[in-house]
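There are 4 protein chains.
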Amino acid sequence: MTRIAYLGPRGTFTEQALGVFLQQFQVADARSLPVASPAAAIDLVRAGEADYACVAIENSVDGPVTPTFDALSSGEGVQIYREVDLDIAFAIMVRPGTSPEQIRTISTHPVAYQQVTGWLAEHIPGVDFVPASSNAAAAVEVAEGRADAAAAPRAAAELHGLEVLADGVADHAGARTRFALVGPAGACPAPTGNDRTAVVFSLPNEPGTLVAALQEFAVRGVDMAQIESRPTRQKLGTYHFHVTLVGHIEDAPVAEALKALYLRSPDLRFLGSWPSAVGAPGEVSSPRSAAHERAEAWLRAAREGHAAAHHGSDHGEENH
Amino acid sequence: MTRIAYLGPRGTFTEQALGVFLQQFQVADARSLPVASPAAAIDLVRAGEADYACVAIENSVDGPVTPTFDALSSGEGVQIYREVDLDIAFAIMVRPGTSPEQIRTISTHPVAYQQVTGWLAEHIPGVDFVPASSNAAAAVEVAEGRADAAAAPRAAAELHGLEVLADGVADHAGARTRFALVGPAGACPAPTGNDRTAVVFSLPNEPGTLVAALQEFAVRGVDMAQIESRPTRQKLGTYHFHVTLVGHIEDAPVAEALKALYLRSPDLRFLGSWPSAVGAPGEVSSPRSAAHERAEAWLRAAREGHAAAHHGSDHGEENH
Amino acid sequence: MTRIAYLGPRGTFTEQALGVFLQQFQVADARSLPVASPAAAIDLVRAGEADYACVAIENSVDGPVTPTFDALSSGEGVQIYREVDLDIAFAIMVRPGTSPEQIRTISTHPVAYQQVTGWLAEHIPGVDFVPASSNAAAAVEVAEGRADAAAAPRAAAELHGLEVLADGVADHAGARTRFALVGPAGACPAPTGNDRTAVVFSLPNEPGTLVAALQEFAVRGVDMAQIESRPTRQKLGTYHFHVTLVGHIEDAPVAEALKALYLRSPDLRFLGSWPSAVGAPGEVSSPRSAAHERAEAWLRAAREGHAAAHHGSDHGEENH
Amino acid sequence: MTRIAYLGPRGTFTEQALGVFLQQFQVADARSLPVASPAAAIDLVRAGEADYACVAIENSVDGPVTPTFDALSSGEGVQIYREVDLDIAFAIMVRPGTSPEQIRTISTHPVAYQQVTGWLAEHIPGVDFVPASSNAAAAVEVAEGRADAAAAPRAAAELHGLEVLADGVADHAGARTRFALVGPAGACPAPTGNDRTAVVFSLPNEPGTLVAALQEFAVRGVDMAQIESRPTRQKLGTYHFHVTLVGHIEDAPVAEALKALYLRSPDLRFLGSWPSAVGAPGEVSSPRSAAHERAEAWLRAAREGHAAAHHGSDHGEENH
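Chains as they are written, first to last, in the UniProt record's numbering: chain D, 1 to 320; chain X, 1 to 320; chain E, 1 to 320; chain Z, 1 to 320.
Same shape as in the complex, but just chain D (with noise of 0.2 angstroms):
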């Protein structure tokens, strides 16, 4: 049996990510396991008691979830294997028979409540915000009185028994949160040719530390899909960088790069590489890796003393 601890309660979209990773996988036999955050989650896998954490990662509208991240790189052991993105938008419900004039209090998680007030101004205007730990548990407030409205998933209201006065609300078209499968450290899954790879790390605090980083990755060619810095709450102004790359650890770009970071951060840590939600497999890496082998090539025999390594070849084209 696979235990997947997640943000609860039951009704989250976080617990809609979950059914998409279940589904990929043909997990037969699961136990979903709800929490109260995202660090509870991911130290329920440190732990031993969860096989898998599911825990949102970033949103379009308010970018990356810092609690995922300061989980992440609090301790060790865990690791990313899998990302989902799912399309966001909110219902709006209430206890069966409220009329929209007899709403007074809204509850939601304040990132969705960000998500929504463009909406609630024009709808439902001079409603109080009511702040909850999950847009679940904003359901619940309402199921048992203490809220008059929820802005939930609309799988929630059938849970908690609510009524829907409104579906598909979102003051951002096209909003979209990132969802990762967080497991104990292991073997990444293979390279798909279209893949992602997270560390974290910190700097010496001198200037010129953190180009000089970032450049490890221009260099060779590796692209960064997110950088993020998070205070090390030791002192104002010092952090952590969380960066995402495009490519696997087994490309020998990105392999090279975090070789070359590992000698400038005092603790480098791995995250995982695992295959992209955005695009197909093989569209990013195939071309640079093709170069790449031929390089590979050219080393060897300058190494063994072939002619083929004082030949230039028909290799500059998809350069560049």
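To be clear, the hints were calculated from the coordinates, so they are not data collected in a lab.
Treat the hints loosely; a few may be bogus.
Covered stretches of chain E (in silico footprint by chain X; criterion: 3 or more residues with CB under 8 angstroms from a CB of chain X, positions within the stretch not fixed) [unchecked claim]:
(1) 62-74
(2) 254-264
Far from chain E by the CB rule (all over 12 angstroms, computed), these chain X residues [stated by the list, open to error]:
(3) T66
(4) A89
(5) A121
(6) A143
(7) G193
(8) E216
(9) V219
(10) G272
Keep in mind that this is a model prediction, so the values were computed, not measured.
Here a beta-carbon is modelled for each residue, glycine too, at the ideal position from N, C-alpha and C.
Once you've looked at the hints, dock chains X, E and Z against the given chain D.
Structure of chains X, E and Z alone, referenced to chain D:
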């Protein structure tokens, strides 16, 4: 009369920072305007209804205050004029007569909650968290009976007739928050030799553009005090970058780096140059400026054909 | 009267280049002073005994004319004002009546010899080479009977009463030599939008200093037309670097790069900015300058607090 | 029998260097083949008519020996196996009985002439220079009566029955020349921890390509001992670059830099890795290699999912 908007209600750390600013500038005739969020404070400045906004921009435990950054970059017409750092520790306050055993719920701002959870687990285990829109608002919750205890600035206890059970509560010793005084766009404070400069910009969504942009700083010896990426809210993985530089826009290296950045970014915005709250005037940028002035003199001589442009000089020492 | 020193005797390619310079400037009253080497010509300028020196600086077969570079960098007080490119092909000349079969020895300058050895091997195989200090001096050797034939500019045959056996001799079709007009340090010719700038400098003998110095150009979009290292003559492996840039010292990117280089080099010397002999005025630097002027305007607005500094603009197209 | 071609005739400094190589390798049965130029020596190796060529590659007064570089890069099939540095000072030699006052002409190689002109101006002012194809050839000129004196290695006086008027003549004290032993392409000598590596390459004729190529070395901490540009002989301003690196192709940073360079250059050629003549084995590359090995171990652990990839370690000290 100087009107200054801040995150209220009365009794917040932001109000304390505002007091420091008033003292520094010896403003006799000020009126403070409590509002519900940093964004609301900055909007009042943009609307001309406040002369300044006092807003938190960074804290050593949770990092950049993203709502402030988003508010600064969401429109035009404002810039930062001053900063101040405050030590942050909380008082745990209750309605008079409440004993620790009677506490079932504790209210505070979610960022503050992260800074006291360790203490709570040890001293009042098992209490429920009730999120509030500010620390001082949490004190109101307690005064009005909607929560049993609040973690808030000590000043809030006096304002709301509460009793302090514990003071100086902080899980991370030495926690500090930085506040900024934001006003309408205008001439910057004069350079002090120890200044900061803030800009926000986006970059073409192409490989290597971020490193290339950051190199404009590095190659000119301009250090970054902070870099923060915020989603554009249009597409997952597209960002605005907020960068705080060491130095003043009147310092030649900063000016040249910003001109170079202008050529790389479709929407560079200047958010001000102001005296640093850390360290003494003159301690940062003067040595570099002196070298830079000699370089400027060399350039003039070269352009005019003077012999000086053909001499090396005793200038190399302080450059590394 | 304008006195111009050049590599003599009469009949050299350098004298031809001198003629082009005189024509370009419509100098009515010039006196040309033949000397034995580029260094001697430049020394006459330094001593005030010549107004200009006409010297070869580069050819397409043998590369930089290192004695010229060494002479320019060995002292102060001179800079380059103009350049001209000449097609280089040789006439094979003998005393009247000499038949090809009678030729046992051929004289020319060693660099010229490299450019005709293919032709000689085919047409007069087996002749011995007699080095001369200039091509025209080789013609003198023939006229005075110390060699049987010379490879020299056609003009030298007429000057010395020789007969031309073959003309247009050149192993590498399209061979060209660039000549410079060197004068005392002074104000540069005005920018034309298609200029070159020369500097010479050394660098601290530490890893990475050369790349760091060259990056000062690259990061500002300043292209190098040429880089040449010359030994300092003090220790194997220590060098002066001669760099020719695309652009004029009055162009802001060039000026800023030179200031930055000044901070890295213990002995940067400026050797002039002058119109390029290749291409039309305006074809190189004006687009960049226009973008740079907008950046300058942005900076002014930012410093003065105008709204313009908060606007992106339609400036991005021509960059990159 | 080992056949070694060198710049003759007998008595040159190149022959002295050849003697050092023979001694180092304890070659009992060698035959030396004097030829007219470094190019001719290298061509014999390419043709299989010599096993090695002994050629000058650089001297501290005149810099790189460009004919050697051009010969190495003009074709394939050869690489450098060893280097040796010789102190260079000249003997002034005459036919027995010649007094200094009788000297009207002095013969030597043009590069040598540059190194004795100061001495000549002081001790035998007014003599005419007769260029020779090698220093030893100059001694032949004197022996055969075509010049009065020669500046040549002392050994040449004995070979040709000349009398030495002055010894140890050198305008620049400490002048040295580096010689290389060139053989057919093959396996390199094993790394010693203090090695050099040579490559030659061209680059697309576009702005910034040279700096980008050199950065491949800099970013990996690979130092350049030398960089030399040589014209392609096709167009003014187009070059091949000869770069000598500190390190061995078996050192991981060198290998990775060369692979990266391969991706940038249409015609990278490897010219060998060999022990440096300066300094002791192990003194250059071992510290970096040790750090690099730890990086390699980290990478392996990360790929295999071991905990080591999540630990920082005590590795930072020797970097930077």
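Numbered hints the structure breaks, given as an ascending list
The structure breaks hints 1, 8, 9, 10; every other hint is satisfied.
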